[in-house]
Amino acid sequence: MNQSKLRFSIEESVWLKKGQEVAEVYALSLDPEITITEESGQISITGALVLSGEYEPANTVENENSDMGSSSFSEQVSYRSLTQLSVKEDGLMGIKHRFPVDITIPSYRVERADQIMVAVESFDYELPNPACLELSASICITGIKDERPAEPETKPAAEVNSTEQAEYSAPGKMQAKGESSSIFAPFQFEARAKYSEEDSVTPEPLYFEPAEARNPIKETVFEFKAQGEDKEGYYDNSLHSLKSIAFQDAADTQYARNEEAEETPDVQEEFEGQPNEESSYEQQQYEELAYEEQTYNAAYEAHYEPVSYQESYSSSYNPNHRPQQWAEQQQWGAEQQQQWVPEHQQQWGAEQQQQWSAEQQPAAEEYAEETVYTAPPVQQTEQEKPKKSYTQDENALYLTKMLDRNEEKFSKMKMYILQRGDSLDRICDRYDVSINTLLRVNRSIQQDQVCAGQIIYIPVSSSR
Amino acid sequence: MDILDIVKEEYGLREVSWMENPFILLTDSGCKRIRYWADESLLKWHTEWRDEAGKKDGPMLDRMIRTKKGESRISVNKQWITLHDSCIEPFGLLGNEKQWGALVAKILAAGEMEARGLEVLAETDEFDFQSLLELAKPVASSGGSFSLIRMSLTEARKRAVQANKLIELAGNSVPPLLDPQLSTDSGRKVMDFLFYEAGDQMPVRTYKPLRRFLQEWIAACGTPSLKRLLTAADRDYPLHSEQGFLLAAEIMIPWELKECLLNLQGGDLEEAVSSLDRFSREWEINRRLLMAVTEWMDENRKKVAL
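Quick note, the sequences are listed as chains A and B, same order.
Read left to right, the first sequence gives residues 1 to 464 (full-length UniProt numbering).
Read left to right, the second sequence gives residues 1 to 306 (full-length UniProt numbering).
Just so you know, the hints here were simulated from the structure itself, not pulled from any lab data.
Hints may be right or wrong, so weigh each one.
[Unchecked claim] Partial chain A-side listing against chain B, Cβ under 8 Å, derived:
1) PHE73
2) VAL77
3) TYR79
4) TYR457
Ideal placement from N, C-alpha and C gives every residue a C-beta, glycine not left out.
Starting from the given sequences, assemble the full structure and let the hints guide the process.
Here's what the structure looks like:
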């Protein structure tokens with residue numbers, strides 16, 4: 001069992017009433033005040049993220065901008081000693097606002113409740129106009145295990161879609177799927193924007209009116225999504241309000257799987273087969289793997305039968321993150337997928353990959369069970385709508401394009417090791433795929449710059 | 001050819017040896033200081049500025065000693081060397097306000113001469129409170145000693161607002177170009193006269209060097225002495241009007257807070273403690289200075305009104 005971090009970002013706008021506009025913010029901090037309790041098989045993380053600080057109201061600045069009077073120059077042009085300074089006497093307004101936090105985690109995901117830590121990793125603010133404070137923060141919860149027991153969550157192997165089973169018949173790969181499905185999948189939780197009277201009114205003299213509170217709909221559900229360790233590939237977890245956070249429990253997850261099982265295979269397969277050009281580490285692993293395989297089969301197709309390959313694959317490809325991404329894809333649907341960019345393998349560095357060493361891999365029976373688990377993701381009460389897309393991720397763009405174009409709806413990728421005498425044209429003919437498609441999938445290669453031993457990925461349509 | 005030989009030859013000296021290599025020479029005409037210049041325009045400004053400040057009687061600046069051919073400099077290896085008189089005995093402050101005041105006035109008046117190409121090079125450091133707030137973000141929320149920073153931000157903003165008003169009062173007036181190394185430590189005593197060893201850095205068009213000079217003065221001699229100094233300077237260079245507003249504005253600007261916040265960015269605890277301590281001291285001494293200057297301006301204004 002490995003300890004994992006759950007990280008998510010918050011973006012919040014705090015609106016101020018007329019007359020309480022900000023001239024300058026002097027201090028603003030966000031601190032967790034959290035209580036952790038364990039009850040009936042669940043760990044509850046409750047409390048609040050407390051926003052506190054001081055600011056100079058705009059009206060006092062306007063008063064100071066009045067012309068100098070005729071009193072003595074030394075009276076007008078002076079300032080106070082540091083010993084005379086007192087925040088409260090300076091007409092500063094205080095900010096105190098609590099963002100309620102309510103998170104529940106199945107207790108099997110936590111070894112010891114006292115090891116759970118909630119920390120504000122980063123916090124910043126902007127003042128786009130005097131009546132609005134834009135807050136952004138990154139919250140990190142540590143002390144949660146990133147594995148889960150397979151037995152209560154898996155469906156019988158008989159329920160597995162046969163096509164899917166054939167696609168992922170290699171034990172190593174199935175194991176990877178199963179494991180990956182468990183990582184972070186239950187860490188999807190909701191932020192419910194319930195604005196009670198107590199929440200929306202801050203202590204005197206401030207009144208905070210969060211933007212969402214103006215909405216006549218009193219309760220809005222926001223989705224928070226767990227982030228991995230990747231620093232670059234953040235999900236777009238822009239949150240309008242952090243009022244309540246709740247993990248979905250195992251029962252919800254199971255229910256969701258049953259509901260959305262039909263949608264899963266295509267998405268899963270396409271994503272799984274997607275080569276990641278940006279992950280040099282992974283690419284290297286693939287290449288090493290490929291050279292091993294050459295001893296078995298020169299034109300190896302990616303069904304991954306040999307055990308040695310499976311282990312290499314599972315430890316190098318390390319698809320732990322996939323279930324979460326699948327879940328997101330399924331939750332958002334095709335439209336949302338266009339905006340979403342998967343947080344790719346970059347986030348899974350050497351540390352995470354070590355946990356997938358061969359001796360840690362479960363038995364093959366578990367893989368079969370886990371396969372079912374990976375297929376249907378959790379259900380969400382309301383789909384998250386990312387604000388922006390990370391267009392720099394070419395893989396994601398490609399995925400989107402594939403999903404958009406029915407004629408190119410590929411269900412899997414074949415990995416092909418180029419042999420002496422091969423040409424891309426010949427490979428395209430053999431696998432009935434266009435050269436453009438091949439080049440798009442393998443963006444790192446040039447048509448005239450391929451060599452024997454090089455790995456390429458061949459998209460294969462589900463119809464083939 | 002060795003520098004000593006060059007100097008000996010060019011300046012017609014008989015005995016030349018290093019007293020403090022490579023800057024101080026011991027010659028048959030007393031101690032001399034060598035200054036090295038890489039920027040010709042900067043050398044030209046310093047030469048003219050010293051000459052301008054030395055025109056009238058009274059305190060002297062360390063003008064460039066002329067060579068046998070009457071040149072203010074000699075060229076060595078694509079650089080320039082100038083030779084200056086050098087003294088060791090410091091010139092006292094307290095009781096010598098008239099002489100120091102006259103020196104200040106000379107320096108300020110000479111700084112008004114045409115910069116001749118140096119304008120673009122001269123430093124113009126404008127205070128921006130927003131950038132100060134950005135610097136303060138990481139520390140303003142911290143407790144302990146850092147609460148001092150948070151509390152001072154309010155007052156710093158007021159100071160910045162007041163400084164802008166003072167600059168407006170000064171109209172179109174601009175500060176003279178000043179040697180950034182202006183300091184009470186550079187005054188030397190030569191036959192009961194004040195001899196000032198100026199620097200060799202790029203001049204700045206701001207009263208910041210004079211602010212630091214006056215801080216040193218008030219810390220060493222107190223408010224009455226400072227007022228006497230200002231009165232002495234005001235006789236030759238008017239500080240009670242527009243230029244006085246600009247000086248007061250420069251003193252009002254919370255530069256010490258910005259400097260402290262910049263030092264705190266490093267994250268070194270020892271440096272942080274030291275910076276906060278220095279900030280507290282400078283805040284207070286600057287406050288005293290501002291009070292003294294504005295009171296002196298008030299006194300001057302009353303005299304005019306009467």
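Hint check:
At its closest, the beta carbon of PHE73 (chain A) sits 5 Å from a beta carbon of chain B; the interface hint therefore holds under the 8 Å criterion. Of the supplied interface hints, the one on VAL77 (chain A) holds, with its beta-carbon coming within about 5 Å of a beta-carbon of chain B, less than 8 Å. Taking 8 Å as the C-beta cut-off, the interface hint given for TYR79 (chain A) holds, the closest approach to chain B being about 5 Å. Taking 8 Å as the C-beta cut-off, the interface hint given for TYR457 (chain A) is violated, the closest approach to chain B being about 46 Å.
Checked against the numbered hints listed earlier, the structure breaks hint 4 alone; every other hint is satisfied.
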